[in-house]
Amino acid sequence: MQLAGPNGAGKTSLLRIIAGFAMADEGDVFFQERSISKYYDEYAQELLFIGHKTGVNTQLTALENVAFWLKINGYDSKQDLYPILAKIGLVGLEDVPVRMLSAGQQRRVALVRLWLNNAKLWILDEPFTALDKSGVAFLQERFVEHLNAGGAILLTTHQDLTTQFSDLKTVTLEYRH
Amino acid sequence: MVKQHSYWQLFSAVFSKDLKLAFRQRAEIVNPILFFLIVITLFPLAIGPEPGLLARMAPGIIWVAALLSTMLGLDKLFRDDYHDGTLEQLIASSYPLPLTVLAKVAAHWVITGLPLVLMTPVFALLLNLESSALLATVLTLLLGTPLLSFIGAIGAGLTVGLQKGGILMSLLVLPLYIPVLIFATSAIDTSSMELAYSGQLAILGAMLIVAIIAAPIAISSALKVSVS
Amino acid sequence: MWKWLHPYAKADRAYQLCNTLLPYFAVVTVVCMIVGWVWGLAYAPADYQQKDSYRIIFIHVPSAILSMGAYSSMAIAAVIALVWQLRNAELAVIAIAPVGACVTAIALITGAAWGKPMWGAWWVWDARLTSELILLFLYLGVLSLYHAFEDKKAAGRAACILAIVGVINLPIIHFSVEWWNTLHQGATITKFDTKAIDPSMFWPLMVNIVAFAGFVGVVTLIRLKNEILQREKHRPWVRDMLERG
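For the record, the sequence lines run as chains H, P and S. The first sequence begins at 1 in our numbering and counts up one residue at a time. The second sequence begins at 1001 in our numbering and counts up one residue at a time. The third sequence begins at 2001 in our numbering and counts up one residue at a time.
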């Protein structure tokens, strides 16, 4: 599902409410018929959130960042991460502090998580920011895989999705003061 | 992807990450100690170097300097995680946030509190502290500085989202430090009179236990407010 | 508890509740204040030691009691706000905080003024005055935290958390300061209020305490009404009310 709308329409705010970071003025969010505020821990198991702020520490290396993220989510961090980092285009940059990488490469460090999780619901705020064409295409391939495996994706983007998704729904928010 | 729930893995991941970061930019460890040292140097210059007077004031000087120097690191405790989005990832992880917070506060204490405890003999020397009071000073700092980290982290959590949170945080936190200050300095005072000071240590210990249990909950809810 | 609170989760109901309560508080305040001040300042006998200067207790003691009382009510409102997610309780916290801070300041100023003839100094580090001063810091902390946030929703919740942390700490602070004071008992400090108070002074004091409580209630209710209106200014019920005049 794609969330569209002009700047300031409230896309990010809505995503943050759905991810459970912010509270709505009125109403509640339900996931699998359960209120996320009441069952947040269980909801968190099924949720992968990547926002504007990607959660990548720029002092640490790409490898350390990914390993840390795996650990705080209870995944096995001792697996061999080099192939997956290579796949996303970070060959030779695994042990460089992230602050030395370009914006697009930094974003890739965050996006590696998409290959390393079994969450059902992905909430992605502008995932294509700073990515080059091949990166965008590569990411969309991963989206298709996830959807085919029965997952759901909720994302905002100003770019047009180039891949044809069979059941893409677009919700457009309008700017209202 | 196999998920295995291990609280220890979470704790050690958060704890070791903060330590690793601190050791990469050593200023984070060195600066509070230097600050502490400079504050302590100021006192003899301000009130005069008379040994008796210094020895009498030493507990107060050491503890006020300790309060101020732990404030330095507190401002940074959650700030980087807040700005790069790590805090959101920690909240959205399926682990309980208070445990994460506990690990971060523990790391903060190892970075800012523990060095002070280890350096105490040097400061005691500078301030002419009686040798009978040295052990008491070390013990109160050992029990008291983690308390400062826990209480201070509540303030840090509340102000992390604010642009100029630093000064505000001191305003919130310093009044809450008063009981620690009172009991710790009194323990040192009592010990320099060669009297038993286990009562004050017991109170500090009790406060520390309460803080370990209650503060992470308060800090977590403060962080959730700051992130929203 | 929830059943009882639930109706007041709605802002317009809470607003009406304020309106209903306000006259009662106002009457109690005006009556007790007139009776208490006239009785206390004019008719109660002068103290045999302190002469007329003791009469400041008719302001000092009520304000000191209310400064603690206001903080506890603020913390109770904060707990309700966080546990039951009631935004009106959050507004109540914000409504009480400045009032409590003012009452604390009054207690401090009258305490200092009382100290001048008693101790010969405007300020001595007496346990009560020191506790009162720290209480003022706690109030100011809640207020400045609230005003530091731009997002008032987050501001309210942050203030609630701090109020609760403060109320847990308050007894510890109070105890530690008492203890510190007995430890450093200086020569200038005299304990004058340990002896039992005479009924001829006790009753006017009680009336004054009720008057002060009523006054704090009135100001808090008015402030709460304003906070509710300010938050809900775009809602239809406010517009309806204004149109009805």
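Because the hints were derived from the structure by calculation, they are not lab data. As the structure is a computational prediction, the values presented were derived from the model and not from experiment. Every residue gets a Cβ at the ideal spot worked out from N, C-alpha and C, and that includes glycine. Careful: at least some of the hints might be erroneous.
As the list claims (entries may be wrong) - In silico DSSO-like cross-links for lysine-lysine, where the CA-CA straight-line distance does not exceed 30 Å: (1) S:K2225 / S:K2152; (2) H:K38 / S:K2152; (3) P:K1164 / H:K53; (4) P:K1020 / H:K78; (5) H:K53 / H:K169; (6) S:K2225 / P:K1076; (7) H:K169 / H:K133; (8) P:K1076 / P:K1164; (9) P:K1076 / P:K1020; (10) H:K78 / H:K53; (11) H:K87 / H:K133; (12) H:K53 / S:K2153; (13) H:K120 / H:K133; (14) H:K38 / S:K2010; (15) H:K169 / H:K120; (16) H:K53 / H:K87; (17) S:K2152 / S:K2051; (18) P:K1164 / P:K1020; (19) S:K2153 / S:K2233; (20) S:K2153 / P:K1076; (21) P:K1020 / H:K53; (22) S:K2153 / S:K2225; (23) S:K2152 / H:K53; (24) S:K2051 / P:K1164; (25) P:K1164 / H:K87; (26) H:K53 / P:K1076; (27) S:K2152 / P:K1164; (28) S:K2153 / H:K38.
Unchecked claim - Chain S residues, not near chain P, derived (Cβ > 12 Å throughout): (29) M2033; (30) E2150; (31) L2162.
So, going through the hints one by one against the coordinates:
1. S:K2225 / S:K2152: With a Cα-Cα distance of about 16 Å, the restraint between K2225 (chain S) and K2152 (chain S) holds, given a limit of 30 Å.
2. H:K38 / S:K2152: Satisfied, since the Cα-Cα distance of roughly 24 Å is no more than 30 Å.
3. P:K1164 / H:K53: With Cα atoms ~20 Å apart, K1164 (chain P) and K53 (chain H) stay inside 30 Å; holds.
4. P:K1020 / H:K78: OK: K1020 (chain P) and K78 (chain H) at ~18 Å, within 30 Å.
5. H:K53 / H:K169: 25 Å, holds
6. S:K2225 / P:K1076: 39 Å, violated
7. H:K169 / H:K133: 23 Å, holds
8. P:K1076 / P:K1164: Since the Cα atoms of K1076 (chain P) and K1164 (chain P) sit roughly 12 Å apart, the hinted pair holds (cutoff 30 Å).
9. P:K1076 / P:K1020: Holds. K1076 (chain P) to K1020 (chain P) sits at ~15 Å (cutoff 30 Å).
10. H:K78 / H:K53: 26 Å, holds
11. H:K87 / H:K133: 15 Å, holds
12. H:K53 / S:K2153: With a Cα-Cα distance of about 22 Å, the restraint between K53 (chain H) and K2153 (chain S) holds, given a limit of 30 Å.
13. H:K120 / H:K133: Cα-Cα ~26 Å, so holds.
14. H:K38 / S:K2010: Given that 30 Å is the threshold and the Cα spacing comes to 22 Å, the pair holds.
15. H:K169 / H:K120: Distance ~17 Å between K169 (chain H) and K120 (chain H) Cα, so the pair holds.
16. H:K53 / H:K87: Given pair K53 (chain H), K87 (chain H) holds - Cα atoms ~23 Å apart, limit 30 Å.
17. S:K2152 / S:K2051: 50 Å, violated
18. P:K1164 / P:K1020: Within the cut-off at roughly 27 Å; holds.
19. S:K2153 / S:K2233: Distance of about 15 Å is within 30 Å: holds.
20. S:K2153 / P:K1076: 25 Å, holds
21. P:K1020 / H:K53: 22 Å, holds
22. S:K2153 / S:K2225: Within the cut-off at roughly 17 Å; holds.
23. S:K2152 / H:K53: Status holds; Cα separation ~23 Å.
24. S:K2051 / P:K1164: Violated, because 51 Å separates the two Cα atoms, which is more than 30 Å.
25. P:K1164 / H:K87: 42 Å, violated
26. H:K53 / P:K1076: Distance of about 18 Å is within 30 Å: holds.
27. S:K2152 / P:K1164: Given pair K2152 (chain S), K1164 (chain P) holds - Cα atoms ~17 Å apart, limit 30 Å.
28. S:K2153 / H:K38: 20 Å, holds
29. M2033: 32 Å, holds
30. E2150: Violated, because the least Cβ-Cβ distance between E2150 (chain S) and chain P comes to about 9 Å, which does not exceed 12 Å.
31. L2162: Contrary to the label, L2162 (chain S) does not stay out of reach of chain P, its closest Cβ about 6 Å off (not over 12 Å).
In this structure, the earlier hints numbered 6, 17, 24, 25, 30, 31 are contradicted, and the remaining ones agree with it.
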